[in-house]
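Undergrad: Sequence:
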Amino acid sequence: MGSLALLGGIALAGACTTQPTPAAVAPSPPVPIDGRYDGVIQLVRGDAINCGDQNPIMLQVAHQAFTYRLSQPQADWQPVLVFATTIQPDGSFNTQSGTGYMRGTVASGHMQGTIAGDICEFSFVADRGGTW
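Here the sequence shown is numbered in this note's numbering, starting from 1 and rising by one per residue.
No lab work stands behind these hints, which were simulated from the structure alone. It is possible that part of the hints are untrue.
As the list claims (entries may be wrong) - Taking CB as the label site, the calculated pair distances span:
| id | residue 1 | residue 2 | range |
| --- | --- | --- | --- |
| 1 | Ala-107 | Asn-50 | 30 to 38 Å |
| 2 | Gln-88 | Ala-48 | 31 to 39 Å |
| 3 | Gly-129 | Asp-76 | 31 to 39 Å |
| 4 | His-110 | Val-44 | 14 to 22 Å |
Backbone N, C-alpha and C fix where the C-beta goes; we use that ideal spot for every residue, glycine too.
Take these sequences, add in the hints, and give me the full structure.
TA: Here it is in structure tokens:
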């Protein structure tokens with residue numbers, strides 16, 4: 001009987017032990033927005049002869065802002081549109097230059113959006129530190 005009591009006590013002791021709690025996983029730090037984004041623009045509206053159909057794009061973001069110059073030599077009334085863009089805290093951006101616009105989003109080192117001029121419109125994708 002004594003060994004049964006001893007076994008019962010061991011079983012009960014085993015049932016009362018607590019499992020170690022797993023260490024809390026620290027959240028990943030946010031990916032910085034500032035930096036160089038390399039990617040490609042793809043023609044959405046216009047003809048490839050005047051607009052090009054796929055071209056590289058490079059955007060340098062500093063202090064959550066960047067400037068992009070869209071060359072549109074076929075628009076002799078405004079051959080260059082300049083978009084001075086500020087990225088909002090939620091990662092979005094939306095700016096106008098004349099009748100053109102540039103809008104999109106930045107998140108986790110990836111930027112995507114639309115650039116529209118007087119004659120051509122493009123979609124674009126670019127990655128921070130990416131090579132295309």
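Undergrad: Against each hint, give a clear statement of whether it holds in the structure.
TA: For each hint, the structure was consulted:
1. Ala-107 / Asn-50: 30 to 38 Å: This hint holds: roughly 32 Å between Cβ atoms.
2. Gln-88 / Ala-48: 31 to 39 Å: 33 Å, holds
3. Gly-129 / Asp-76: 31 to 39 Å: At roughly 37 Å between Cβ atoms, Asp-76 and Gly-129 fall inside 31 to 39 Å, so the hint holds.
4. His-110 / Val-44: 14 to 22 Å: 19 Å, holds
This entry satisfies every hint, going by the numbered hints stated previously.
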